[in-house]
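Protein chains in written order, with our numbering: chain A, 1 to 499; chain B, 500 to 588; chain C, 589 to 1374.
Any given hint could turn out to be false.
As the list claims (entries may be wrong) - Below, simulated EDC-like cross-link-like pairs (lysine to aspartate or glutamate); rule was C-alpha separation at most 16 Å, straight line: (1) A/196 with A/269; (2) A/360 with A/436; (3) A/360 with A/298; (4) A/196 with C/1317; (5) A/196 with A/490; (6) A/427 with C/1140.
To be verified - The calculated label-pair distances, taken between Cβ atoms and stated as ranges, are: (7) A/361 with C/960: 49 to 55 Å; (8) C/1249 with B/521: 18 to 24 Å; (9) A/466 with C/1140: 36 to 42 Å; (10) B/511 with C/1298: 30 to 36 Å; (11) A/46 with C/1337: 34 to 40 Å; (12) A/490 with C/1151: 48 to 54 Å; (13) C/1321 with A/466: 55 to 61 Å.
As the list claims (entries may be wrong) - A short, non-exhaustive set of chain A residues, derived as facing chain C with CB atoms under 7 Å: (14) 62; (15) 68; (16) 139; (17) 183; (18) 227; (19) 434.
It is worth saying that the hints were derived from the structure and are not from the lab. Idealized CB from N, CA, C, for every residue including glycine.
The chain contents come next:
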Amino acid sequence: MAEWAIVPVLWPLLTAIVLIMQGGTPGRQRTISILSLLGLIAFELVLAASVTDGSILVHRAGNWRAPYGIVLVIDRLAIIMLLLAGVTALAILSYDAADPDPVIERLPFFFPLFQFLMMGLNGAFITGDLFNLFVFFEVLLISSYGLVTLGATARQLRAGLQFMVLNLVNSALFLFGVGVLYGLTGTLNMADLAQKVPLLPPSDTALMQVAMMTLLIVFAGKAALLPLAFWLPDTYPTPPPAISAMFGGIATKVGVYAILRVFTTVFADVRAPGAEVLMALGIVSMLIGVLGAVAQTELRRLLSFHIVSQIGYLAFGIGLFTISGVAGALFYLVHYTIVKCALFLVSGAAERLGGSADLKKLGGIAHLSPALAALFFVAAVSLAGLPPTSGFFSKFLVASAGIEAGRYFGVTICFVAGILTLFSMMKIWTMGFWGDPPATTAPAPPRRGVLLATGLLVSFSVTLAVGAEPLYQFTTATAAQVLDTAGYVEAVFAPGGRP
Amino acid sequence: MLATVTSIVMFGLALSMALCAYRLFRGPAVVDRLLAVDTISTNLLAFLIVLSIDQRTDVYLDSVIVLALLAFVATVAIAKALVWGRIID
Amino acid sequence: MRLSLLVIPILPMILAGLLPSAGRLGHRGLPLVCGAVASVTLLLALRVAAPAFSGHAVTATIPWAPATGLNLTFLVDGLSLLFLLLILGIGLLVIAFARFYLSPDENLPRFYASLMLFMAAMLGVVTAGNLLLLVVFWELTSISSFLLIGFWDRDPAARSGAYQSLIVTGIGGLALLAGVLVLGGAAGTFDIVALAARGAEIRALPEMPVALGLILVGAFTKSAQVPFHFWLPSAMAAPTPVSAYLHSATMVKAGIFLLARLWTIFAATELWFYAVTGFGAATMLVGGWGALRHTDLKRLLAYSTISQLGLITMLYGLGTREAALAATFHILNHASFKAALFMSAGIIDHEAGTRDFAQLGGLRRHLPRMTILVGIAAASMAGIPPLNGFMSKELFYEATLPAHMADSIGASLGASWPWLLPVVAVLGSTLTMAYCLRLVIGTFFGPEGPYPQHPHEPPAGMRAPVELLATFCVAVGFLPGLIAEPLIATATSAVVGAHVHPHLALWHGLNPALLMTLIGLSAGAALYAARRGSARRALPPRLGRTAGELYDVAIHGMMDSARALTSRYQTGRLRTYILTILGLLLVLAGWHAWHASWPGAGGAAPLPARMPMTAVPRGAMVITVLTIAGAASVCALYRHRWPSILALGLVGALVAIYFAWMSAPDLVLTQLLVESVTTILVVLVLYFLPRKTRDREPRLRLILDGAFALLVGVSASAVIYAILRRPFESISSYHIANSLEGAGGGNVVNVILVDFRGYDTLGEITVLSIAAIGVLALVQAGRRTT
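Extracted from the complex, chain A is given alone in its bound form:
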């Protein structure tokens, strides 16, 4: 099975190439994209079947063995991320298929760029090499940039420029950090680094700390943790809803994933100061991010600030680096990806229905489309962490892991941010969904397919709550595997490849 581990990267790449070469109508491109995604998800499920028992698939690119070549590693964590990306993308494309966005329809390269984005995501999730992670960050960044500026409105271009510049600064820092690490250890493979970093002489500790903090800042910036999240609230609300949903749902999780992966391999032995910083950033993000959301009245901009806040929870959970903390954070990650994506999609539909993105002008969506309102309500309640949704379990797991670790301050902020989340989500509800509908709209209720696509995501959130046990067991097993650095190293260095 291991030799197939490269498929999640090559598959979207080939799809993108096919899409570019054959051109065709948006409808045809969409069909190809959806079919390709279905195939990819099916394949990833097959991969999942072979890693759930705890085995780790290692693909050696060019058959060069680690650490001399690049390895691709699929373990439980990677498969969670791959499947999440796939499912999110599928929901978004089906949403778009049901009610094609006029902006997307006009643009020739949306679908190839979307596939490139998938390639970047998947590549980052499965690589076992630090420099290769950088490469896929670039793939992700440049395709995101293309998607953010699709349509080329003035607002998009302004936001896009900031997005690009800040991410380039980030990339430069990434390169710097990797350079320092390479200078210290002479290797780039994460498993190899995990072995060599602990062996560094005490005189190198200071440089190693510099590398760790640099990479932490880089990943925290990618994940949009405050105070490094400037680019996000300006960028995410500007493109069409389907694109915002893809970004809001999965793109920032790459940063979170990278933190988790790198701090359980490369810096596993020396991560204590990094973990403290990570938790501090998480706490700041939780609180300040949600305050940012409280201050907004524009629908998707408000949701974008929530991303920052929610990422804070993930950072806090991961920063504990205990099995329960990481397991809770992973549960949170699954829940939140699904719910955030659903919220962006619902908001997009609500904006179209109400004719405005500004809450002050919206109103009465619940009267125009009760089904859409119901979907929003469940997703909003879930985001705020109230039962009976997956959000409740997520918050509860992260908080109880925090209590277990004696991090009472962080847990307190978890709860305070939770109530503020409820506050701002219900602000959307009371302002946008209740009240009198705006007089000017010509209401055309959202199409059935739109409701179906978002409904699937929302029902998934409820299912995650009803069936919390299997997922929690899986994330616990994943956390145990991720925290077991020796197991990862052993799998990567298992015999095989050219001598």
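Following the hints, put chains B and C in place on chain A, whose structure we already have.
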């Protein structure tokens, strides 16, 4: 003997580049600066050739060719932009 | 059989899920279906809970998420039974009432779905045997009550009332969750039965005060205790059936239920005694005072509810069995008379078209039957014999007497201030009597008001639930032993964890309690008479700033500061953003590097072995480096574009020279290519951009920015210098060794690019292609727009 000559030539080229750099910083007109940069790239070309002679190698000659081809294009592009306000006809 | 415990909350929940698409049933069918399901649930509950009557708790556990400690554990004991009967019994009456109250044009499926969801959540709260499960249902009551209170969402008051109640109870819910997590984490279980069995051990835990404090915040917010009481009057914007249901028997009683549930565990602690008694007493008085101030009939009832809830809370706080008995009994009585009163208020509103005392009065001529019914319910609330309210009031008085607290945690209070609690109790009753008189007289007696519509008796179906409840009040008063005693006995036994044999009777003999009753009633009548002249206007002075206003101030302050804070860091200026990113990095990296290298901080004393630097001609080096620095600073300083670009070209050329010095011909080639192409591209871009010079910036900012940039640059250079001067070995020796043999290429750099790390190159090629596509897309989009 050869080493001495190349050293002197390189020093001369460096000095020439430094003087051009001065002109580049001072201006006063943009055309002065443009000319300064063009001269610097010519000097750089010469410098690389001398370096090749000094080190008895031909590996720098690729760079020299590229420089000779491209530096000129950049200068022309800027000059056109300055003079006519357009680059592509 | 036991698993059918699960069915009790699930059945209404399933119905709630089905109702939104059952609009076809119509305004007659919907309440019928809901009533049928509630009845079935009631029968089922009675059947399942039969053993609870004889004092045996029924439990059942279904694993939900055992790894997290959250299980579907259900527990039905006497206390649950009392609440099950209240929730379902009053629920049935409310459904019947709503059938007539709500107009057929309303969005009835939504109403009944929310109502059934709420009923299910309440049933879940009172049957939960696992604290986490209780929290789950608890939050569900908050959500569903939000939907119910905001049912008339086109009314701004309904929106804000619903919002406020959700936020306040939501805060409480999270506090409760936090408290439960602390408690469960410390005790090792969330199972209520297991926790109750280890009461003494839990009371001794160091985490106990934190856990209890948080749990009490949860209970107090839900039960509208001071200072969280303000949401309840705001929630009066709800349709009256909702108010009748939520604020008599269910929503607000959830907090009371929680206090009763945890009584065995915590009642013997000082924190419990002082906090619960104190807040309860304060709430009783504040609520009573508020009920005298407001001119809206429903608001008066809302404040009276707050006051009565305070009374019950205070009783549970006292920690004696007698007090618990009185509290439990009063739960039943309050539910019956308050539901009747709320429904009556709805009827009056429905018939007279107003709930404002300024427009009411003299209704007894138009609504004679309602006058009697409201009179009975209000008399019961005031504690006038021979009604049920009188009996629980008597028990309440008795429980506050120092003699009854001798063996409990409150003994010291009873000894030092023996008069305190009795006085508070009488004061509470005085206020109650006064607002009850105001309610009855202000509505039905006195001169007729300017009713917006002509009042007449309501349809019999609408009045029937009120009649039933009033009858219940009287019946309990006369036949307490038959009707209430067994239920109250099992419920109280379940609360205190021991068998209690109450003797409920109207006549307890001439005792202090009777005296207190008499004082309270007459003082209340006197208070009302004294204020009678202004009975129609807003009454006694307000008590400073109300909690509701404080809430508004807090919310607005929070929103304003959130706005200010956000606009402060989200400036939209790249300069601030980059400054923050690099600044944070400098601080973090600097701090940790400093700590790591500081001897004694686990750091390293010995300096690394120094590697020699590559020898280069010093003079030429210095010139090159200085020119690079000069050109770079020119770039930064010039305000015009062309000189900046030209200076940048110089930097590129000199870097190429530097590479040449270092014997790296391929780098020279790459550098020159990139440099030239970049210059051409930048010229092209500038050509398309509007002509504009950079704004002149303040000198100080320039200097600061320059200093910062220098700091970052120097730090990065220092790190690189340190790296370069340490001994280095890398994996590249393998690459060199295997380049020709393994990969068939003589140039190891090429082989690394296309073979060893060919996968990276694939990625980079993709990046370039995507960039090309992106540019193409942008250009096409630009063409389209121009």
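**Prompt:** Of the hints stated earlier, which fail here?
**Reply:** none
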